Amino acid sequence: MSSVLYDVPGPKARRVSLIGSIIGVIVIGGLLVLAVMTLAQQGIFDANRWAVFQIPDVWKLIAAGIGATLAAAAVSAVIAFPLGLLLCLMRISDNAWIRVPTRIVLEFLRGMPVVLMMLFVLLVFATSSFIAVVAGLVLYNSAIFAEIIRAGIQSLPKGQREAGMAIGLTSFQSRLIIELPQAIRRMLPSLVAQLVVLLKDTSLGYIVAYGELLRAVQVMADFLGPQYLFPVFFVAAAIYIAIDLAVSRLAIWLERRGSKRAAGGVAHVPVAGIPAAGPPSV
Amino acid sequence: MDVIIENLPQYWDGFLRTLFLSGVSGIIALVVGTVLAAARVSPVAALRGFSMVYVEIVRNTPLTIAFFFAAVVLPRVGITFQQFEVAAIIALSVYTSAFIAEAVRSGVNSVPVGQAEAARSIGMKFSQVLSLIILPQALRTVIPPLINILIALVKNSSVAGAFYVLELFGNGKQLANANGDAVVWVLVGVAFFYLLITIPLGYLANVVERKVAIAR
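Sequences listed follow chains A and B, in order.
Using my numbering, the letters of the first sequence map in sequence onto residues 1 to 282.
Using my numbering, the letters of the second sequence map in sequence onto residues 1001 to 1216.
Excised from the complex, chain A in its bound form:
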């Protein structure tokens, strides 16, 4: 335990730190106990409330909710990534007639709440809520993917493009064959981190009445009675957080692996609104 911010603690400092730690643990533990006791007074921990998980249909509904969450995330990711590539290529096109309008569209998409886009698609095109959720996620995330890949291309050494042009590739060929593959590889951690955001954002489907995990909780609480809201919510939230934690761990692992193996490593240039690598953005 050493840090540049403080000296290696001596016996006295270690004692103070230990006492501080113990007090901290007691305070945090006390708060937790207080919370648990408040909940217990509400009868949250009565066995019959948790007995709800013995009903197979509850697990079926939770499973259906997880399935719906993952389906929306998977479909959106599969559509958003190629679309993001395309938008990126248009954003850095040599032709101003393509570049400038794309830039405006990207700014527009990035400045917009995802849930507003979902509601727009739902109401204006009168689609199913699944399509609304996917459309909202695709529009927003393809814009972010485009910006991430663009940052990756800009972080490449200039010589890559120059060499491509020198051997007679067209500008577009050089982008496609030389620059894109390297850029994607460099930005892999950021791309995976954005996938975590996408996965998290599927929960916005709750607002447009898409039957994802949170909506399933609401349905169960309405159906079984409000006293079961807390147990069901607790389990569903734990599942949601566990899935997200797993994917963001993957992003961190990719970053570590990338910085060891990939030629030139993964990029650590922060993009506006996008952290350099690893942790999910907001």
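Keep in mind that the hints were calculated from the coordinates and are not lab data.
Misleading hints may appear alongside valid ones.
Dumping the calculated SDA-like pairs for lysine to any residue here, alpha-carbon to alpha-carbon at most 25 Å [claimed, not checked]:
#, chain 1, residue 1, chain 2, residue 2
1, A, Lys12, B, Val1044
2, B, Lys1125, A, Asp7
3, A, Lys12, B, Val1031
4, A, Lys12, B, Val1072
5, B, Lys1125, A, Leu18
6, B, Lys1211, A, Arg103
7, B, Lys1125, A, Ser3
8, B, Lys1125, B, Gln1137
9, B, Lys1125, A, Gln154
10, A, Lys60, B, Glu1117
11, A, Lys60, A, Gln218
12, B, Lys1125, B, Asn1206
13, B, Lys1211, A, Ser155
14, A, Lys12, B, Val1073
15, B, Lys1125, A, Pro9
16, A, Lys158, B, Val1031
17, A, Lys12, B, Arg1048
18, A, Lys12, B, Ser1121
19, A, Lys12, B, Ile1122
20, B, Lys1211, A, Val25
21, A, Lys12, B, Ala1119
22, A, Lys12, B, Gly1049
23, A, Lys12, B, Ala1118
24, B, Lys1125, A, Arg110
25, A, Lys12, B, Phe1084
26, B, Lys1211, A, Arg110
27, B, Lys1211, A, Arg14
28, A, Lys12, B, Ser1131
29, A, Lys60, B, Val1073
30, B, Lys1125, A, Ser17
31, B, Lys1125, A, Gly20
32, B, Lys1211, A, Gln154
33, A, Lys12, B, Gly1123
34, A, Lys12, B, Lys1125
35, B, Lys1125, A, Arg14
36, B, Lys1125, A, Arg15
37, B, Lys1125, A, Gln218
The structure displayed is predicted, hence computed values, not measured ones.
Got chain A sorted already, so can you dock chain B onto it with the hints?
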């Protein structure tokens, strides 16, 4: 188009409430986030552990779950609020503070090692090193990412509209229900007001980023 002009007062009302929600949550989150970041680099192990666990869990929690917890679950277990705005502010500031803590921590790590070494060599304590030397420099380099987090906060505040708060998105939903024939324009109006906040903030982040880049 007329529908926007006719309902301008309601838009304006929602716009102000969005600004209010984002402003209050932003300030709370900045303070809590900075404290969490300081705890994360502190010599006391319990503080480090708490900060790490908090950030890791909150950052991987979908915002809708945080809102659902504050607005639906908490009242059900006996913690009620006079106004739904309070629940929204709790959810938003808890969520945002984790991202701010992460950003500030990366700023702390970006301050050259020599700064802390020099501060310690002239006999400063940890609290002095952090508050007088490291944090002022760290906060400066993290201003652009912080602005980006605040932009995200403004956009995230739209989730409050689904949890009984009549801010921009909530008002937009109401207007869309009331004006079934002009839904497109109603929502374009909502989008316009969001862009009114997010695009200037985005430009601000870019400008600051360029200034800071020159300074270093």
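Identify every previously stated hint that the structure contradicts and give their numbers, smallest first.
-> 3, 4, 9, 10, 12, 14, 16, 20, 24, 25, 27 and 37
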